[in-house]
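Heads up: the protein sequence lines correspond to chains A, B and C, in order.
Mapping to numbering that gives the first Met the number 0: the first sequence position 142 is 141, numbers consecutive.
Mapping to numbering that gives the first Met the number 0: the second sequence position 2 is 1, numbers consecutive.
Mapping to numbering that gives the first Met the number 0: the third sequence position 246 is 245, numbers consecutive.
For the record, the hints were derived by calculation from the structure and aren't laboratory data.
Just so we're clear, the structure is a prediction, and the values are computed from it rather than from any experiment.
For each residue, glycine too, the CB sits at the ideal point set by N, CA and C.
Careful: at least some of the hints might be erroneous.
[To be verified] In silico PhoX-like pairs for lysine-lysine, Cα to Cα no more than 20 Å straight-line:
1. LYS102(A) - LYS57(B)
2. LYS57(B) - LYS117(C)
3. LYS215(C) - LYS63(B)
4. LYS117(C) - LYS102(A)
5. LYS93(A) - LYS52(B)
[To be verified] Here are a few chain C residues that face chain B, going by a calculated C-beta distance under 8 Å:
6. SER198
7. LEU199
8. MET200
9. PRO314
What follows is each chain in one-letter form.
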Amino acid sequence: MLKDCCYINGIGSVSIQTSAFDMFKDYPVPLQRNNKPVHPSYKEIIPPAMLRRMAPGIKMGIFAALEALRDAEINEPDGIITGTGMGCLLDSEKFLEAMIENKEQHLTPTYFIHSPHNTVAAQIALYLQCKAYNMTYSHGVSSFEAALLDSWLQIQNQFANYILVGGVDESAPIFDALCVLGKTFKNPNDSIDFHNPISDISCRAEGANFFVLSSNKKQSSYARLTDISIYHNPEDDFQKMLDEILTRNQITRKEIDIVFLGYNADVLQQKYFDNYASLFSNTALAFYQHICGSFDTASAYGFRIAAEILRKQIYPQSIRYNDVCPKKIQNVLLINQANGYNHSLVLLQSC
Amino acid sequence: MTMLKEQLKQQIIEALNLVDVTTFDIQDDDPLFGDSLGLDSIDALELIVLLDKNYGIKLTDPQKGKEIFTSINTLADFVEKNKTK
Amino acid sequence: MQGVAVTGMGIITSIGLSVEENYQSLLQKKSGISEASILKTFHANHIKIGEIKLENAQLAEILGIPEDNNFTRTSLLGTFAALKALRHAGINKINDMRTGLISATSVAGMDITELYFKEYFHNPSIRKYINSHHTGDCTRKIADYLGIRGLVSTISTACSSSANAIMLGALLIKNKILDRVIVGGTDALSKFTINGFNSLMILSDSDNTPFDQNRKGLNLGEGAAYLILESWEQVKATHKKVLAIITGYGNANDAYHQTASSSTGEGAFLAIQKSLEKAQLSPEDIDYVHVHGTATVNNDLSEGKALLRIFSKVPPFSATKSYTGHTLAAAGAIQAVYSILSLQMNVTFPTLNFNTKIKEFDLTPSTDVVNTNITHVLSNAFGFGGNCCSLIFSKC
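Model the full structure from these sequences, guided by the hints.
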């Protein structure tokens, strides 16, 4: 099955925390019900002619992508793969609103041309003049993991040596309000509790997290991406699914040092994550959506944190969900899902 | 005509979201497309909608836009002759 | 064995509700382009579309979906075609082996969202559709209907989406991550896309004329198509009939402009080149090309240039969007079904409405049904954002 071939060599992010935030020392800015990213200055890196048309998601994506490439010390990847749950939501909303307000007349194309889900991947390719493989996955909370799986396949099959892979999601006012109505995001009166949630939806945020994956291991590599599993609807077989990925990699549950879970202060999701947690009774459990907020590709932020702690070999206080401390940091498992669907398991190992 | 040119410059800046550009930066006979303002074919389509919405001029062939949008001068000339609003 | 086996296919377009119906329409030059009757749009009088003349309620009834559902038109079309593909492949127990679904869409639930966008705030009874907006939900509806529990995902790269889904499916089988995968895509007509393409001034008010000097633009269409891909071990164990083999695939990016293709057709050229390398074929081995052929001034010129760069002698080629319209994310998979039909029946299909060659080069699409031996077919799908995907289907 999946073999030892894929290293995380670069990381870049735009999130609701400042760029100075250091999870090994600092506590994160407290989460609100609705959270905006701390945008860097984009005009230093994106020419005005491009910048003027870009919605936040594209700007965040390009910034995080460039940061990851710089971190990995490469100029041009041989593949660009993105995951996004809702795509370019703001421009879709603007075009839709204009279409409805103006009764389908006097419509201008700019918002429409940036509405396809692959716009971030395309704009990164345009910026870098990169004509290589380019793909976008858009499947709810496993969008980023699908992008990881594809990245892994490209490297494993020697179609590419360096893949730029990322997750990006942005918000839009009317769609966000609909998500509150549709019970995806919290309304202003809902409480925020990641351990004993009462209210049934999560805290809206946005962000972009990009990585350079490579077949080449470097001194500065963060971690090894060993395996990825995605299941649509395992129902009661989630334990079997977990055991499959572990057996495949000849690891037992006890040998997993830290399990990252996508706890998101949503009482309806709590039980699914608790079910997984119950399979790791003496294992360190970590969480991250209290730092980055919730959006479909928030798990990419968890992936970032996991990679950083594998390299640094320190388990920071700010991400500890339970009181168990790992004796070593070698095998990290990231688990996510939503409403019992789109389960993903990602195994990262030290290298 | 000077007022119309000034108005067109302002409308172009707004419609095309030309951040950091003022009406002083756009000379009447400067080429609108190409290096100076960096406008492209999508901007041409935006300007076609602008002509319809603000001046009641309908351009059905985007290729004709190339001549009309050469500069503020040519654009103002065209609007002056063809506006219905 | 080289390549990945295709063991089933299902399709729904404006030229037929089954593979057989589509095939007959192609042979009889029966176009699906008409005036809008189900879709209500301001532009109805000056556009033509490839509309499937079935209301959502009718589609739901055919599928046995209860009246109180939150399927969008895109997910109804997708479910319809995916179910047909499964039946065609004779699959009864969907989870008896590691089975996945890779679906593609660009419209997803926008066909419903655009109707109710403002109304949602005042009318609780329609809020069941809010969570049907996004691409993942469209795929989920198909997966749940078919009972798929394993690896499911959605690709969304505009008009190359379902071709990319087929490519990923082939990789998943080759790498033994799945034993069987349903791959393809679906898109319904919507005011959003009609107005979007209209704002780009690339919609034609008459039947589209691919690769014609006087082409005026595209007709939007709707549809869905899925293939069943299986591992060779499964094919041998079940003695399944193989319809065709996916031998080549390639994806590249034009990196030229968000919507327009480069004048040299670079992205297309690279994608075709990659697919040939994958298939270990030379250009001379290709017997027939299914072009993307949207009938826009830009695409056909760019694609034509790419073909001339690849082929010293361009093989017979057809643009079946002249029948179905441009079905966006579903286009690659719909063309895949037609490519496989070509291989099975040894036939090339006509391009409708062609009159005059594009003046920039000497390329004339096929305009008649031609019976000829076909071993390898190349099929192209190019999307916004410079996304280019080429697939090669070969005879078993």
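Here's how the hints hold up against the structure:
no. : hint                  : verdict
1   : LYS102(A) - LYS57(B)  : 17 Å, holds
2   : LYS57(B) - LYS117(C)  : 30 Å, violated
3   : LYS215(C) - LYS63(B)  : 15 Å, holds
4   : LYS117(C) - LYS102(A) : 13 Å, holds
5   : LYS93(A) - LYS52(B)   : 18 Å, holds
6   : SER198                : 7 Å, holds
7   : LEU199                : 6 Å, holds
8   : MET200                : 5 Å, holds
9   : PRO314                : 32 Å, violated
Hints 2, 9 from the list above are not met by this structure, while the remaining hints are.
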